[in-house]
Every structure is written in structure tokens, then in C-alpha cells.
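So the sequence lines, in the order shown, correspond to chains A and B. Just add 8 to wherever you are in the first sequence, counting from 1, and you've got my numbering. Just add 8 to wherever you are in the second sequence, counting from 1, and you've got my numbering.
If you're looking for bench data, these hints aren't it; they were derived computationally from the structure. All figures in this text were calculated on a predicted structure; none of them were measured in a lab. Cβ coordinates follow ideal geometry from the N, Cα and C atoms, glycine included. Any given hint could turn out to be false.
Unchecked claim - Calculated cross-link-like contacts (lysine to any residue; reagent style SDA-like; alpha-carbon spacing at most 20 Å):
#1 Lys243/A - Glu187/B
#2 Lys181/B - Pro110/A
#3 Lys72/A - Lys171/B
#4 Lys157/B - Lys171/B
#5 Lys203/A - Glu137/A
#6 Lys132/B - Asn90/B
#7 Lys243/B - Gln244/A
#8 Lys181/A - Lys250/B
#9 Lys72/B - Pro110/A
#10 Lys72/A - Lys250/B
#11 Lys152/B - Ile27/B
#12 Lys250/A - Lys171/B
#13 Lys169/A - His97/A
#14 Lys169/A - Thr183/A
#15 Lys243/B - Ser227/A
#16 Lys170/B - Asn85/B
#17 Lys24/A - Ile54/A
#18 Lys181/A - Glu137/A
#19 Lys243/A - Lys181/B
#20 Lys171/A - Glu98/A
#21 Lys152/B - Asp226/A
To be verified - Some but not every residue of chain A turned toward chain B, in silico, with C-beta under 8 Å:
#22 Ser123
#23 Gly182
#24 Tyr186
#25 Pro220
To be verified - Derived contacts from chain A toward chain B, CB cut-off under 7 Å, selection only:
#26 Ile38
#27 Leu42
#28 Gly81
#29 Ala115
#30 Arg118
#31 Ser119
#32 Val121
#33 Ala122
#34 Asn222
#35 Asn223
#36 Leu228
#37 Ser231
#38 Val232
#39 Phe239
#40 Lys243
Each chain, letter by letter, is given below.
There are 2 protein chains.
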Amino acid sequence: MYAYGRNVLKEILNAKYSIKKVYFTNSKNIDSELKKLIKKVSELGISHIFLDNEKLEELVETTKHQGVIIDIGREFNYADLNVLNSVDHEPLIVILDQISDPHNFGAVIRSAVASGVDAIIIPKNNSVEVTSTVIKVSAGQIFKLPIIKVTNLSRTIDELKKKNIWVYSADMKGTPYYELDMTYGTCIVMGNEGKGVRENVKKHSDGIVSIPMNNNVDSLNVSVSCGIILFEAKKQRDIRSK
Amino acid sequence: MYAYGRNVLKEILNAKYSIKKVYFTNSKNIDSELKKLIKKVSELGISHIFLDNEKLEELVETTKHQGVIIDIGREFNYADLNVLNSVDHEPLIVILDQISDPHNFGAVIRSAVASGVDAIIIPKNNSVEVTSTVIKVSAGQIFKLPIIKVTNLSRTIDELKKKNIWVYSADMKGTPYYELDMTYGTCIVMGNEGKGVRENVKKHSDGIVSIPMNNNVDSLNVSVSCGIILFEAKKQRDIRSK
């Protein structure tokens, strides 16, 4: 699959994620940022070729490639639940229950990395996957964070609970997010853009977390809600560790 | 201009915003929600006609109209700064300095209404305007909130400061958002998706507000950042008024 964009390439290189090939623009007028990237890829001995901008556009079906496309192999490298065994602090985890919009997924990843989340879990079915768009919208931050794909979310939640992780589903009429103590092992479940968290997933959770709202608004954009809750968790953890 | 979607029509009706005409689908298989909306529009004596789904799609260039398109007249009804004179509490205001993405603008509007913001201010030039997409992404919440368009943001900031409103630009290396007292009259300036808040706009502000981040992330999606800061303000105000 292809990833694209300059910051994305930088993050892939930083993460030492495996690269099959890089496609750069063959345009003569390139700036110093792009020159540096070409030099670095060259020095690292990574296979790369130069193509017309039109060819680049065809590869990723967008004009937003910034002269850089990265072939990262057949599929994105998903992690499994065992990665949590190496976490040496109280884990902070996000479950996305059937999110459908790649922009929301990408924005959640960016917020998750910035707030110290240890992993994002998505279900195998009826969920957006990691695509070129998701990677771009995450600003390449996805390469800093394990993305775990599971068959059965309810079973996964039970496993998390066994690891002493408290699982809260985001919905209306629950505990205000700032009244939860999220310095303990915490997992936040965010639901689909239209339907919210599924009933049986909610049933398996330890509780419901809510964002109190004015003016009869009943929901926010899912990436916004997720960011508000995660940064409350980060704040609590920063203050606790001072 | 056209707005579309069922929740959008509901919010327009609730807000008693002026409607020129409503276009409904002429499909025979319509559900009870749509039937209710047609009945309500009819009872209110609002001009409406029925069209093929293809015609509806042509009007708004999207398939997401849900069988409902609303003609709200030539231009969106922007407010001016005087609307702030009728605010009877410490104002909470958002300035969007040259935001370019309609999805971000729509998501900010939704968060702003839900967090009790009194007005959003945008500059006349180099800014996304209110479009059909913005209205849809706001889930129709835009009709609950004055959107003010101004010629010169720096001058507007000076006027806000004269009204005892504290103006903070969002950027790196400023005061953590949760250390600001936002129970006073507060205005948060959010910058363009790529470039952030312009230098001269920052210079006119009272200070810089930041979201501390882990893992060398230097920014979040602008609607997420804005949501995090606004809901901190709402929390402070809710706690203060208890």
C-alpha cells in the first residue's frame, strides 16, 4: 500500500518502518526540503525512482502527495494485543467501534499519539482500515503507535478488564469525563459517527463516559470527543507524575 | 444558497431562520421521519416542491442530502460584532484565522455551540465561508450561533480587548490551556491548518495558549485543538456557577 506526503516519509524513516520503494517527483523545480529527503533516502540505500507528477497522482488518486509516495508493502503492519505486555505504566487505550470515516480515524491517531495513548484497537469488520488517507491525516504519527485489529471487541474488552484496565464507552448520560480518574489503566471506547457505541459493547464496559454539552447538542465530531477525553487523561497523568 | 439534510432542516425550523424553498425527494418509499418533516413544512406554509433524487443530487453535488434540500436565500446571514452587546454573561468567543477546510469549520461550529460559545469570528479574506458542507458538518448547529465576518482581525481583537475580553492565540510554547482562567470574557484564536495563527494576529493577542503534547507531536487537527480548549472553558464555567 502507498503512503504519501513529506512529513509521512519523515515519520516512516524515524520509526524505521520497512519501505519497499519511494517514488519522488521528477520535476526540475524542487525545494531544499525535498532535496534533503531524496538525499536521506539515497544514503539509507532505500530503493527509489523518479516519476512525472501525473504518474504520482495516478498512484494515490490525489494531488496532495507533495512529490513523495512511499510503498510500504502489501498491508499495513497491524499489531496484536500482546504489545500491551511491554507497557511499563498504567496503559491508556482507545477502541474505535466501527468508525467509518478515514479523516476521523487519522485525526484520532494524531491526538492519541500526542496524549500518550499506548494502542488503538479496531474491529476486523465494519470498520475503516488503515489507508493512505488515514496515514496522511494522522500526519504520519501512526508509525509511532500500535494499531490492533481484533475479531471480537466484547472479548477484547473482557481481556482488558482482566489486565486491570477500566473500560468506558463514550455516550450520553454517563459520568462527566473530568470526574473519571484516568490515571489508572484506562480504555476509552468511541462509537460509529452515526450510531455511537453498540449496545453489546457498552454492556461489556465498566461504565459510560460523557461530555456535558449546552444548547441541546447531542454529539460532537468523534475525533473531537475523543481528543477532549484523551487530553483530560493526559492532564491528570501529567499532574499525578509531578 | 442550499443547505441539505434532515437534522439541518430541523435546526433551521427550530431557529426560525428564513427559508426560500424546500426541495423534497419525490421517491414513493419514504420513511416516517421524512413524512413528519414534509407535514411540518406544509403546515408552516413554507414553499416546497418534490424532485427526483438525481435532480436533488445535481443541486448540491452530493448524495448525502437525505431527501431534503433547503434554499436559504442568496447568502448566509452573517452577524456583526454588535451581537456581543446583548450577551449577559462573560463572553466566550472563537476567532478562526484563515481556516481553509469546510469540515474543520463545521466541526468547530458544532463544538462551539455545545460548549456555550457566543460567536465565531472569521476574516473576510483567505478564509473558508459558510457553505452547504459547513452547514451539514455542523449538524445544523450553525443556526444557533452568530457567525461574524470582519475585514481586519487585528482591529477586531483590539475592540474585543476594549470590551474586557482576554484574547489568546493557540500556538506552541504558551500557557497550558488548563492553567488559563477562562471564566472571564475569553476569546480563543485558532490558526490555519498548515501555518497556524499569523504573526501580527498573535502580536495583538494578550497571550498564547497551548496544548501540551507527548511524542514530539507539534499540532493536532484544528477542530480537535479547538474542542479541547473550549470544553476546558465550559468545565471551568460550569464549576464556577455551581
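Here is how each hint holds up against the structure:
no., hint, result
1, Lys243/A - Glu187/B, "holds (11 Å)"
2, Lys181/B - Pro110/A, "violated (30 Å)"
3, Lys72/A - Lys171/B, "violated (42 Å)"
4, Lys157/B - Lys171/B, "holds (18 Å)"
5, Lys203/A - Glu137/A, "holds (18 Å)"
6, Lys132/B - Asn90/B, "holds (17 Å)"
7, Lys243/B - Gln244/A, "holds (15 Å)"
8, Lys181/A - Lys250/B, "holds (19 Å)"
9, Lys72/B - Pro110/A, "holds (17 Å)"
10, Lys72/A - Lys250/B, "violated (49 Å)"
11, Lys152/B - Ile27/B, "holds (15 Å)"
12, Lys250/A - Lys171/B, "violated (37 Å)"
13, Lys169/A - His97/A, "holds (16 Å)"
14, Lys169/A - Thr183/A, "holds (19 Å)"
15, Lys243/B - Ser227/A, "holds (17 Å)"
16, Lys170/B - Asn85/B, "violated (26 Å)"
17, Lys24/A - Ile54/A, "holds (11 Å)"
18, Lys181/A - Glu137/A, "violated (30 Å)"
19, Lys243/A - Lys181/B, "holds (16 Å)"
20, Lys171/A - Glu98/A, "holds (10 Å)"
21, Lys152/B - Asp226/A, "holds (14 Å)"
22, Ser123, "holds (7 Å)"
23, Gly182, "violated (15 Å)"
24, Tyr186, "holds (6 Å)"
25, Pro220, "holds (7 Å)"
26, Ile38, "violated (19 Å)"
27, Leu42, "violated (16 Å)"
28, Gly81, "violated (24 Å)"
29, Ala115, "holds (4 Å)"
30, Arg118, "holds (6 Å)"
31, Ser119, "holds (5 Å)"
32, Val121, "holds (5 Å)"
33, Ala122, "holds (4 Å)"
34, Asn222, "holds (4 Å)"
35, Asn223, "holds (5 Å)"
36, Leu228, "holds (6 Å)"
37, Ser231, "holds (6 Å)"
38, Val232, "holds (4 Å)"
39, Phe239, "holds (5 Å)"
40, Lys243, "holds (6 Å)"
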